[in-house]
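A.B. asks: Below, each chain spelled out in residue letters.
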Amino acid sequence: MSTINVSNLNDGTTTVPTTFVNSGSAKAYAHYDMVTTSLTVRKTLNCSSLTDDGTAAVTTNYTSNLSDAFYVAGGHTGRDSATSTTAYAIYPTSKSATITYSTSATSWQGGFNGGTSSALTANDMFINLMTLHGDLA
Amino acid sequence: MDTPEFKDTHLWDRLCWAKENIEPYESKYRVLFEDPNEPDEPAKVLCPDPNWMGCALNGGILPPVWVYGELAKDESKPDFKKHTRGYLLHETEPVPAMTEEEAIEYLIQKDIAPSVWRDYKGNRTIMKIVPVELIPSDRSFRNAWRIAQ
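Residue numbers (our numbering), protein chains in the order written: chain H, 8 to 144; chain X, 2 to 150.
Just chain X, same shape as in the assembly (with noise of 0.2 angstroms):
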């Protein structure tokens, strides 16, 4: 099925017609990561949701990051109360089909602080896309994972 023109569209409708005409999609990455502000914590593993990577695979659905930034930015102030500027997600020009990498390089602009992939200046390595036959699956220790350096 041909994706409508979905520019001026609030976001939530195109995400419940997505749901409808665009098979699911499971990723074969997952992003392990760690905090640098959370030394403690154990590594965390970023899992893509299906329907948005089909999303992502379609194009013309999902708005450009950039605009998760301006939010956040808008957010992060001591006066925010709530958003005036949510018509970035539904007015800006949807970004076009992306592949696997590309849609995984979006979620980790999007869904993982900065202090992670854009400021952390340390030696140690503290984010790593890997196959999702990498993570392993007993769970006995989970709070002691780290990533192997």
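Chain H with its partners taken away, still in its complex shape (with noise of 0.2 angstroms):
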């Protein structure tokens, strides 16, 4: 593997660090479909496992862990089918499974608000988008 050292980068105005970026940097990514087969995973960063824990519920097992579970891990809007326009969303949480969120893995639950905070219906979508950033061990 080749090796390019660079501590600074410079846009000819402003110097950066490199570590700057690698620290703002996606640390995971999961793209996942619970729809058309049992879990098809689409697309990963620094996944080892994803876990189908229940009706819209997985958790994301990390390879690389974090160094501590204060990491951001964002969930986004998902969908339930190829073509759907209704709005649905993936938190890191569970309703099914204990709730996961350490270094090395992350609980997630997808589905639709049913009027109040506490009323997240369970979904099953066929697009299921994650995030995470933060610091690596």
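Take the hints with a grain of salt, since some may be wrong.
Claimed, not checked - Under the rule of at most 25 angstroms between Cα atoms (straight-line distance), these lysine-lysine pairs were calculated in the PhoX-like manner:
{"id": "1", "chain 1": "X", "residue 1": "Lys-83", "chain 2": "H", "residue 2": "Lys-50"}
{"id": "2", "chain 1": "X", "residue 1": "Lys-8", "chain 2": "X", "residue 2": "Lys-122"}
{"id": "3", "chain 1": "X", "residue 1": "Lys-129", "chain 2": "X", "residue 2": "Lys-29"}
{"id": "4", "chain 1": "X", "residue 1": "Lys-122", "chain 2": "X", "residue 2": "Lys-74"}
{"id": "5", "chain 1": "X", "residue 1": "Lys-29", "chain 2": "H", "residue 2": "Lys-50"}
{"id": "6", "chain 1": "X", "residue 1": "Lys-8", "chain 2": "X", "residue 2": "Lys-20"}
Said to hold, decoys possible - Footprint (simulated), chain H over chain X, 3 or more residues, beta carbon under 8 angstroms:
{"id": "7", "segment": "39-45"}
{"id": "8", "segment": "49-59"}
{"id": "9", "segment": "68-78"}
{"id": "10", "segment": "98-112"}
{"id": "11", "segment": "134-145"}
What the hints contain is simulated information worked out from the structure, not anything from laboratory work. Note that CB positions come from ideal geometry on N, CA and C, so glycine has one too.
Combine both chains into one complex, guided by the hints.
C.D. replies: Quick look at the structure:
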């Protein structure tokens, strides 16, 4: 593997250290489908496996651990079919399984809101997206 | 392409290299398991990540599975704040190429709680490695799934 050692990047005006860039990059992401088959992993980074925990419930397991459990795990909007325009969301929590938010795994719950903050209705979705930012161990 | 000598290279950098240079591999297996500590929960299905499987079959990238056990031990301590032995992931000699079956065993130890694969002493079958075709694709009653006894 070739290595370019660069400490700073300069665009002609501003200089930033490469550590700044590395710290801000996503440390994991996953794009998966829970409708077409039982669970299909479409694209990931830094995931060793995904566990299907129940209806719309998934745990992402990481290959390179985070340094602590104060990382930022962001679930994004989802879609229940390829052409759906109904709004769904994915949250770093769980309705049916133990909630996991550790340096090696995060549990996710997809669904839609039924009107109150506690009324999340679990719903398997065609497009499920998550990203994770933080420091690696 | 030959795999570089990765000992002492941050695991993250290895994964980024692998993503560019190793073909993902879609495993023909899934691991079906139940959590003995949560008897009301449905059976869970562990799905190996294709990029990770590519790394496992290639060899020379992933750390030995005991490293994850050590980090889990550290994290389970009540005074845990952050990992101080992350170097184990990066400085331990990477494992050589695994067969698909060995890779699944590695994943079980890494991503499933020991209460399922090591400590359970009951009579029920709570874990099975199955071909992916045996996992139902109809999820209408997903939260009622149990392992057939």
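A.B. asks: Give a verdict on every hint.
C.D. replies: Evaluation of the provided hints:
Straight-line distance between C-alpha atoms of Lys-83 of chain X and Lys-50 of chain H comes to about 28 angstroms, which puts the hinted pair past the 25 angstroms bound. Using a Cα cut-off of 25 angstroms, the hinted pair Lys-8 of chain X and Lys-122 of chain X is violated, with the two alpha carbons roughly 38 angstroms apart. Between Lys-129 of chain X and Lys-29 of chain X the CA atoms are separated by roughly 14 angstroms; this keeps the pair inside 25 angstroms, and the hint holds. This hinted pair checks out: Lys-122 of chain X and Lys-74 of chain X have alpha carbons roughly 22 angstroms apart, not beyond 25 angstroms.
Simply put, Lys-29 of chain X and Lys-50 of chain H have alpha-carbon atoms about 17 angstroms apart, close enough for the 25 angstroms limit, and the pair holds. A threshold of 25 angstroms between alpha carbons decides the hint, and for Lys-8 of chain X with Lys-20 of chain X the separation of about 18 angstroms falls inside it, so the pair holds. Taking a C-beta to C-beta cut-off of 8 angstroms, the segment 39-45 of chain X contributes 4 residues in contact with chain H, enough for the three needed, and the coverage statement holds. Counting residues of the segment 49-59 of chain X whose beta-carbon sits less than 8 angstroms from any beta-carbon of chain H gives 6, enough to reach three: the coverage restraint holds.
With 4 residues having a beta carbon nearer than 8 angstroms to a beta carbon of chain H, the segment 68-78 of chain X meets the requirement of three or more and the stated coverage holds. Remark: the segment 98-112 of chain X is confirmed as covered by chain H, as 3 of its residues place a Cβ nearer than 8 angstroms to a Cβ of that chain, reaching the required three. Given a C-beta distance limit of less than 8 angstroms, the hint that chain H covers the segment 134-145 of chain X holds, as 6 residues qualify and 3 suffice.
The structure does not agree with the numbered hints 1, 2 stated previously, though it agrees with the rest.
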